[in-house]
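Use these hints to put chain D onto chain R, whose structure you have.
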Amino acid sequence: MPIIKVENLSKVFGKNIKAALQSAEAGKTKEEILKETGSTVGVNRASFEVEAGEIFVIMGLSGSGKSTLVRLINRLIEPTTGDVYIDGENLAKMDKKELRRVRRQKLSMVFQRFGLFPNRTILQNAEYGLEVQGLSKQERSEKAKSSLELVGLGSYLDQYPGQLSGGMQQRVGLARALANDPEVMLMDEAFSALDPLIRKDMQDELLDLQETMKKTILFITHDLDEALRIGDRIALMKDGNIVQIGTPEEILMSPANSYVEKFVEDVDRAKVLTAQQIMKRPETVNIEKHGPRVALERMREAGLSSILVVDSKRVLQGIVTADAANEARKNEVKNLSEIIQRDVPTVEKDTPLHDLFAVIHDSPVPLAVTENGKLLGIIVRGAVIGALAGEGEVNENA
Amino acid sequence: MLNFMENVEAIPVSDWTANFVSWLTDTFAFLFDPIKDGLGDLMDVITSGLDAIPPVIFILLVAILAFFMTGRKFGLAVFSIVGLLFIWNQGLWDQLIDTFTLVLTSSILCIIIGIPIGILMSKSKIAQTIITPILDFMQTMPAFVYLIPAVAFFSIGVVPGIFASLIFATPPTVRFTNLGIRQVSEELVEAADAFGSTGPQKLFKVELPMAKYTIMAGINQTVMLALSMVVIASMIGAPGLGREVLSSLQRAQVGPGFVAGLSIVVLAIIIDRFTQNIYKDRSK
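Those protein sequence lines, which keep their order, are chains R and D. All residue numbers for the first sequence refer to our numbering, where the first residue is 1 and numbers rise by one. All residue numbers for the second sequence refer to our numbering, where the first residue is 1 and numbers rise by one.
Pulled out of the complex, with its shape left as it was, chain R reads as follows (with noise of 0.2 Å):
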């Protein structure tokens, strides 16, 4: 079951509200509708659900209603109309005492300009959430210790917002939100005020926490390369309306329109794409069954100069050239294990295209593209550079 189930989900600001809905559902732009009724669609219909442990990223540029959206899911906007399911319960009809309790309990928020309270410290900050709900000061300081520990600030605890970096602050945000122990952790546009050095080292961080916390993101920015980076699916947003909703793959391969295919074609490919998305199905030989006879006879059917080498479970032992396959021949060499050579350009499948460019420049044979150990395919110098030309010959599947 999602944890997270948003249907129909509106909001109109203004007076006209009915006649905008209406107009909203004829499919009238945004403009139109403010034109005839004066009122502003903020989110129009719009519908997902995002899964448990996902990163789920609102990406739109300013005005596309993203914030608004993400207010609407905990309620700090009324909706219009729809509703917005956590975890089974609809918090658009609830009543206050009950929002109250999914707030506390399984919704937090972290703030663009962080939200930290200036009069109080890096600690009584990050108890805020637990204060509120009537903890213990010794229940509650320790919790808000650990969770700043967790994001590395275990040493600040008597500071104030004001005397540490935008940073450091946005690490605290982070702690505030992770301290009552949420299911769902709400970021609007948590990281866009840091500069762009901070703003990967906290990209990275959140990638790493996740990693272990395993909790539901719903992530908002206007920044594609961010949303591309942590995303594991998109939803793009366009004056109130989700326009497309997928994983960073299909969202920069087959985008739904020219909206956003006008929006990603700006995109640094190389640092997207990985190489699992862009490798072959690889010719190879078992090292425990075959010999340089059927090594060489595969070369010749594949129009190859040399051939990986893997064992029974595919994992990479090697790679055999032709020449010395038919000097083995000739020499009536029976085993491959005496021709193979064990150095072999090999990288991890999730190594991105960009860091591939440094291995591949200069080496003589394709890249071995492995998991573990195991052998999954093999990239041509050919392949990086039609992946980057964004040429659509990519591993759907991947």
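These aren't lab readings, by the way, just hints derived from the structure by calculation. Hints may contain errors.
The calculated SDA-like cross-link candidates involving lysine to any residue, where the alpha carbons are at most 25 Å apart (straight line), are [claimed, not checked]:
no., chain 1, residue 1, chain 2, residue 2
1, D, 202, D, 113
2, D, 123, R, 117
3, D, 212, R, 162
4, R, 106, D, 200
5, D, 125, D, 199
6, R, 137, D, 125
7, R, 143, D, 67
8, D, 202, R, 158
9, R, 271, R, 223
10, R, 97, D, 208
11, R, 15, D, 113
12, R, 15, D, 129
13, R, 262, R, 229
14, D, 202, R, 92
15, D, 205, R, 142
16, D, 202, R, 101
17, D, 212, R, 159
18, R, 289, R, 376
19, D, 123, D, 187
20, R, 349, R, 334
Ranges of calculated distance between the beta carbons of each label pair, as one might list FRET restraints [claimed, not checked]:
no., chain 1, residue 1, chain 2, residue 2, range
21, R, 158, D, 269, 31 to 39 Å
22, D, 33, R, 157, 55 to 63 Å
23, D, 140, R, 138, 52 to 60 Å
24, D, 72, R, 93, 53 to 61 Å
25, R, 26, D, 185, 37 to 45 Å
26, R, 209, D, 134, 48 to 56 Å
27, R, 51, D, 198, 30 to 38 Å
Here are some chain R residues the structure puts well away from chain D; computed CB gaps all over 12 Å [claimed, not checked]:
no., residue
28, 194
29, 322
30, 341
By construction, the Cβ of each residue, glycine as well, lies at the ideal position given by its N, Cα and C atoms.
Positioned in the frame of chain R, the structure of chain D alone reads:
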């Protein structure tokens, strides 16, 4: 033709008001009397308490407090010593204490009444729409006018003086409380809400602490306005430095009038600097 107003009878606003006030006086006499007695007693206690402190000790205490409140600086402390010694020297010490009691009591009442109203205004658009013009009215109506119903309700003395000060001096506290809370950054309010704060939790843990400097600026204004009522309140029998000014005026005595006026200025400066420093944000 142009003078058609000659034939129109005056709308009896003044009669209505007079009737309304006398109706109020009769109907709520059971309320006004205890208030008058209670406040009168309270002020007697404060005055006699302050009177019991010998002037030297009092001046020293003020100076020490001034020294620490201004962040260990000598300016205000020295000024307090010189100014208060001057007032004592001029034989106006008792009047000073009376005036101080009047200002203190009315300021505290203004704060007690003003802050909750300010909070209400900040939370409700309707309340703000209703209360704002009332505050404008309270502040622009000449302060003397409040003396008339004040006397009707509480007869003459110090209590009607406080009543008049209350009406005149409360608005800044209300306005600044409202403003301070509305100025709290939206993200902090959202943060408070997002973590499941109740209304009072949000108010006391986030909004009031964030608004306190603005509210203090309003309180400072309120105290100054209460002090400015001192002379006016003396017209209905409130004791203190104001009465000295008033009697000098009635007898056309420039010298005593100037001395009493100067004493009020000294008191005003000391009170102003004190209230400014209570919540000064030294972290900036």
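Right, here's what the structure says about each hint:
For the hint pairing residue 202 of chain D with residue 113 of chain D, the CA-to-CA distance comes to about 21 Å; that is within 25 Å, so the pair holds. Taking the CA atoms of residue 123 of chain D and residue 117 of chain R, the gap is near 20 Å; set against the 25 Å cutoff, the hint holds. Of the pairs offered as hints, the one joining residue 212 of chain D and residue 162 of chain R holds, with about 18 Å between alpha carbons and a cut-off of 25 Å not exceeded. Restraint check for residue 106 of chain R and residue 200 of chain D: satisfied, since their Cα atoms lie roughly 22 Å apart, inside the 25 Å limit.
Only pairs whose Cα atoms come within 25 Å are accepted, and residue 125 of chain D paired with residue 199 of chain D is accepted, the gap being roughly 16 Å. Of the supplied pair hints, the one linking residue 137 of chain R and residue 125 of chain D is violated, its CA atoms being roughly 36 Å apart against a limit of 25 Å. Between residue 143 of chain R and residue 67 of chain D, the direct Cα distance comes to roughly 42 Å. Violation of the 25 Å bound is thereby established for this hinted pair. Restraint check for residue 202 of chain D and residue 158 of chain R: the C-alpha separation of about 22 Å stays at or below 25 Å, so the hint holds.
For the hint pairing residue 271 of chain R with residue 223 of chain R, the CA-to-CA distance comes to about 14 Å; that is within 25 Å, so the pair holds. About 23 Å separates the Cα atoms of residue 97 of chain R and residue 208 of chain D, which keeps this hinted pair within 25 Å; it holds. Note on residue 15 of chain R and residue 113 of chain D: the hinted pairing is violated, with a Cα-Cα distance of about 36 Å set against a maximum of 25 Å. A C-alpha spacing of about 20 Å is found between residue 15 of chain R and residue 129 of chain D, which places the hinted pair at or below 25 Å, so the restraint holds.
Of the pairs offered as hints, the one joining residue 262 of chain R and residue 229 of chain R holds, with about 19 Å between alpha carbons and a cut-off of 25 Å not exceeded. For the suggested pair residue 202 of chain D and residue 92 of chain R, the alpha carbons sit about 22 Å apart, so the restraint of at most 25 Å is met. For the suggested pair residue 205 of chain D and residue 142 of chain R, the alpha carbons sit about 20 Å apart, so the restraint of at most 25 Å is met. For the proposed pair residue 202 of chain D and residue 101 of chain R, the alpha carbon gap of about 15 Å is at most 25 Å, so the pair holds.
A C-alpha spacing of about 21 Å is found between residue 212 of chain D and residue 159 of chain R, which places the hinted pair at or below 25 Å, so the restraint holds. Restraint check for residue 289 of chain R and residue 376 of chain R: the C-alpha separation of about 19 Å stays at or below 25 Å, so the hint holds. A distance of roughly 17 Å separates the Cα atoms of residue 123 of chain D and residue 187 of chain D; the hinted pair therefore holds under the 25 Å criterion. With a C-alpha separation of about 33 Å, the suggested pair residue 349 of chain R and residue 334 of chain R falls outside the 25 Å cut-off, and the hint is violated.
Checked against the hint of 31 to 39 Å, the C-beta distance between residue 158 of chain R and residue 269 of chain D comes to roughly 38 Å, which is consistent with it. Against the hinted window of 55 to 63 Å, the Cβ-Cβ separation of residue 33 of chain D and residue 157 of chain R comes to about 57 Å, which satisfies the hint. Distance hint check for residue 140 of chain D and residue 138 of chain R: the Cβ-Cβ separation is about 55 Å, which falls inside the suggested range of 52 to 60 Å. Evaluation of the 53 to 61 Å hint for residue 72 of chain D and residue 93 of chain R yields a pass: the beta carbon distance comes to about 59 Å.
At roughly 38 Å, the beta carbons of residue 26 of chain R and residue 185 of chain D sit within the given window of 37 to 45 Å. Separated by about 54 Å at the C-beta atoms, residue 209 of chain R and residue 134 of chain D satisfy the suggested range of 48 to 56 Å. One distance hint, 30 to 38 Å for the beta-carbon pair residue 51 of chain R and residue 198 of chain D, holds here, with the actual separation near 32 Å. The claim that residue 194 of chain R is not at the interface with chain D holds, since no C-beta of that chain comes within 12 Å of its own (minimum 16 Å).
Residue-level check passed: residue 322 of chain R sits 65 Å from the nearest beta carbon of chain D, beyond 12 Å. In this structure residue 341 of chain R is separated from chain D by more than 12 Å, as the shortest Cβ-Cβ distance comes to about 59 Å.
When each numbered hint is compared with the structure, violations occur for hints 6, 7, 11 and 20.
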